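Taken in order, these protein sequences are the chains called P and E.
With this note's numbering, the residue at position 84 of the first sequence is 84, and numbering never jumps.
With this note's numbering, the residue at position 384 of the second sequence is 1384, and numbering never jumps.
It should be emphasised that the hints constitute simulated quantities derived from the structure, not laboratory data.
Bear in mind the structure is a predicted one, so any value in this text is a computation, not a measurement.
All C-beta atoms, glycine included, are put in the ideal place defined by N, C-alpha and C.
Mixed in with the good hints there might be a few duds.
Listed next, the stretches of chain P that the computed footprint assigns to chain E, with coverage defined by at least 3 CB atoms under 8 Å from CB atoms of chain E [as the list claims (entries may be wrong)]: (1) 14-22; (2) 25-33; (3) 80-86; (4) 126-140.
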Amino acid sequence: MSEPSARRLRVLLAKLGMDTHTVGITVVAHALREAGMEVIFTGLKQTPEAVAKAAIQEDVDVVGVSSLSAGHTRSLPKLARLLREQGAGEKLLIAGGVIPEEDLPLLQEAGFARVFTMGTDTRQIVDYLRGWWSERLAADVARE
Amino acid sequence: MSRPVDRIQPAPEASQGTLAGEAQRWNDATRAPYVAAHPERRAAFVTQALKWPIKPLYTPVDLEAVGFDYLKDLGFPGEYPYTRGTQPNGHRSNLWTMSQVTGFGKGEDWAKRARYMLEQGLQGLILEHDLPTTNGYDSDNPLVEGEVGRAGLALDSLEDLERAFDLPFERLKYLMSVCNAPQPVNLAMIIAALEKKGIDPRQFVLHIVNGILIEYTCVGRYIFPPVHGLRIATDCIEYIIRNHPNWAPISIISAQLQPARANPVQEIAFSMAIAMAYIDATLERGFDIDTVAPYFHFVINVDMDFFEGICKLRAYRKIWARLMKERYGAARPAALKIRMMTSPTTIALTLQQPLNNIGRLAIMATACALGGAGENMTTPLHDEAHALPAEEAIRVGAALQHIVAHETGVADTIDPLAGSYYVEALTKQIETAAMAEIDRVMQMGGALRAIETGYFQRALGREQYERNRDLEEGRRKWVGVNHLVLPGEKRQIEIFRADNRMEEEQVARVRALRSRRDNVAVAAALEAVREAARQGSNLVPPCLAAVKLYATHGELCDAMRDVFGVHTPDSQLTGV
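Only chain E is shown next, with the shape it has when bound in the complex (with noise of 0.2 Å):
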């Protein structure tokens, strides 16, 4: 049984000695009775996530029918619009920073295995919370009991933090901290510890995450209202660039819409909209667009569909470009080229058969570096579906990346995919529908009203679903999951595990340290925040004098829910 061909090319003036013709000539002449007498084993060819349909061949002809440029659309490294890249050389002179996700346990256990990565080779470490932190609570507080240490860091004072950094900072070029609705307390006990240290906070980039409009979309680590979430936000963007110039404070991590499934047309739309309303708050701030743009960094995640990765972090990079400069009016470069972080998706990964996610995990990688890595690379970790992170991962995990860099050849070239037909075309493709989609979200209002509304929270849903039933209908093979599954399969990888012991010290050292520090000093500054918070002044300095006198991260977010309130959104509001 056959099914009708695709038609190649459907210009009619399309004739012989024409490529368009040459090209229609070959699918009929060559091709078609192929395909006649060898059916194609799909009923259809489309890209992973945006289902965008995937032609036989592509040619020259499909570059002028999306009015490709090569000046206009592509220009060289390190010049607008910065497709082929922001840096001017490439990866030839500066391999991308490679680092790893890390985070457990208390702040010396962080501390080990923070020293283990750093001997691996790796140069920037990624400060992962636990949950209570990371949603506002101490360690003893009853409703977080059996979480504490075991998704990250368990930071409740100074304290933990002074134990978290025994490491050799003179190794680390860059730290990044997770912890966005409680920003202003994790930023002030960042800065407090390394004081207390004495490193200097000029020696490496501390970089904070700070990304609170992506917790109401999809992530759910709210804990105030978006209104006052972007607020506090802006109070650290603002706090870093007038007191620390050369640390990052602001991310957008679109790779957090892209496990909740955004297709790559909604997770460059949707970033750039939460970008521009952190931009929008902080220029009202008194800053210019010159000197806020370069603040902005993009922590971008790339899934198994190789092409629809690589086109969509060229497409970002251009899309931030001409965002900067078309409704901006930025000038100069380096507001113009847009800081990203690149990583190999998680939710590509499966439980089964868990070896197999190397391969995937190299292939993601690579696909990154063909893309433009960017200033940093992370990996996750083969053994991720299963638990947290153990050793022999990490190690495989480091390795990887030194394999995709310097034994592959694909850093050795600057954006070696570009002229691709199918690359090119599918750049522009995405570039296209990503620049309507922010136009629909700002004419709602921008991105504040979007969450608001709930439209980012039920375009996610909408894709979580439909995407798994694409997977169960078969539309989309899986190995193991769907795909040469294994009966009965015995899992057979080390696991590492926080144990019940710690949660119960580290709610022993809280309690501790409340019964022996200076509580009325203490409750005074905690105050001092509640009264920065209803007055609308800067949140981190009151909250810097805090942490210095040991107030507890709990204590300082239960002073910020006393003037703000918490967010409890319905279902409409989370898109389940």
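So that you can see chain P by itself, here it is in the shape it has in the complex (with noise of 0.2 Å):
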């Protein structure tokens, strides 16, 4: 068995419905794998089913979805519900895009620990998600 911290942390960035701008979820997905990461991206125009699926056959430890359409406030909530539903939530869910501020209180309270709105800066992210899986794997440790 390998040491925990040896792993690379696994995310898949997804797009979900019919919001097929990419250039976002591009950046982000060099910048990620730039960092170390280890990236799966699923396409364009995916339901939250597939995406749900995916999460859980990748064995992924955080799921980023881009949205730059109006429909978050309906098909993330509908992600975060799934993954949980299905045994799944755990994972760290994050999101980017074009995404009112107001609408945040909603995405916090559906699971979304954080959501990265237009312009925020790829290190950033990066930093974020190194915090994350550094504490992640500390409570891994200490429960072993």
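Using the supplied hints, reconstruct the complex from the two chains, each of which is provided in its own coordinate frame.
Here is the structure:
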């Protein structure tokens, strides 16, 4: 068995529904890969069901959703609910894109730990994920 | 600490008394000592997108270096090669048509917003469909939950357009409709709605984008595999040329390549290669180039690098003229003149300090005007980074174009920056590099092949990542993002919101429609569409027959999916 810290953080990046804007997710995918994380991209036009299934099958630690249409208030909470219902509630959920500030409480309540709105420095996302990952690994070690 | 000072002119024969010699003398005697005492504020000055070095000073020597020849490179407005504009009198006779993007909600919501915009002095409208529509689904498809009517008009059936077209059509000069993958369906719905409303299709210009090849390149709203996408687009071009010759059947939306971070050279080259793919397919339908070429329109964005944007617009005109003449042997002036619509880019706008975007839009709109705005200028709105546009933003956006047109004087003489040493040198450099890239794509087998192999997509993916790094690592300053950032900034701007009830109503409407109409006739009409798809005959007439029977948009797209299949590109073909 390998050291927990030796395991690379696995991230699933997803586009839900009909929103096909990919510049943000492309930039984030490159930045996370460069930071040593393993990045899997779902492809375009996915359903919350398909993304939840992929997240479980690929055994990722983080699910990141990019949303640049206004559909986020429904599809994102649905994805979070599906993951919880399928026993995958421990995965970190993050989102990014064009998301008005007043929608943040709704997404947080649904289970999204952080929302990175348009213009966020990718280094902030990398730092946040690294911080979360080391806490998660420390908690795992403490449990063992 | 000082760093080496640029050599102004490398010309070895530069000597005293010649301009090159004098420029070198100035640099050594006057500029260099100054720079030694006052180091430059950047390690390197480069253009925003191309990252080409910018010299401290441009002189006639630079024009000589790029082989600039006034008569060959510029000529006169309204004459080949149209660098100084396609109109003989610039904007002195007619200003560009001023328009804005609109489109959301149900048909009557779109009509209400469109009426408001026409009352604000706009003469052109852009009808954007929602994402379910552009991806070929009805509003009640479970795949599209939460997206109905959000990013544009929900178009399920002819009923929706009948409601949307409750407009003062006499004020409308120009209607642009953006719906690429399901274009024959969209076109059929518009024709049928005009017919039902008794509106003469000759009284305004319907401009359909029909730009499926750019969807595969970077936008992503495709349905069918690229080769079928090209055939469908060509069907629409052919139908319009034969039946509505005053309309515009095809646009090359370079303004979608640019937000995908195409630099000006890629933007010109990819868009021209794509245009040539449509031209070749249309010529195969039995038209000649002098008939086909005038139907092509380009929509081109300008970014914040003022000169890169202006020079790009000038190079666009010249390159189109050269390609049509040199590659296709076009002879009619109408075939050699590019038709362009320009717009400030949305990617220059920030979520942070959104009112700053009004300043950015004014600068970019000025660049559009100085570059020769084209027939039409559309301005995005300053709150677009946040959400869909609010009414105040629409009013400011409309005023902004009038300010540029009437208060600045930039539209009062033709191509006012011509002859600027920097502008002419950069225009020529962009032209030369773009022509070389066009040759490269043609050697690959053209645009369809470049898309099928992922060449365009991967090139843009690299640009996206590199451009973002420039920003994050501070090589480019962006106010509100990495410069003059307001800590703890609070958003203070009005936001328009579509409501969830609207989706429920739209879903109820399309379901009610399906139970009300003649479903036997609809099924036969859908089979006729499948048959045309299989036979290779033009898809527009059977789509028109079907929409008049209230076959839905999703049903018609499904009929074509049955024959063409769907496009599911891997990561190599998306560039992500």
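Item to check | Per-stretch coverage check for the stretch 25-33 of chain P, three Cβ contacts closer than 8 Å to chain E | outcome: holds (count 6)
Checklist entry - Counting residues of the stretch 126-140 of chain P with a beta carbon closer than 8 Å to any beta carbon of chain E, are there 3 or more? => result This one is violated; 0 residues, fewer than the three required, reach chain E with a Cβ under 8 Å.
Item to check | Claimed coverage, the stretch 80-86 of chain P by chain E - three or more beta carbons nearer than 8 Å | outcome: With 0 residues closer than 8 Å to chain E, the stretch 80-86 of chain P misses the three-residue bar; violated.
Item to check | Coverage of the stretch 14-22 of chain P by chain E, judged on three or more residues with CB within 8 Å | outcome: holds (count 6)
In summary, the structure is inconsistent with hints 3 and 4 from the numbered list given earlier, while agreeing with the others.
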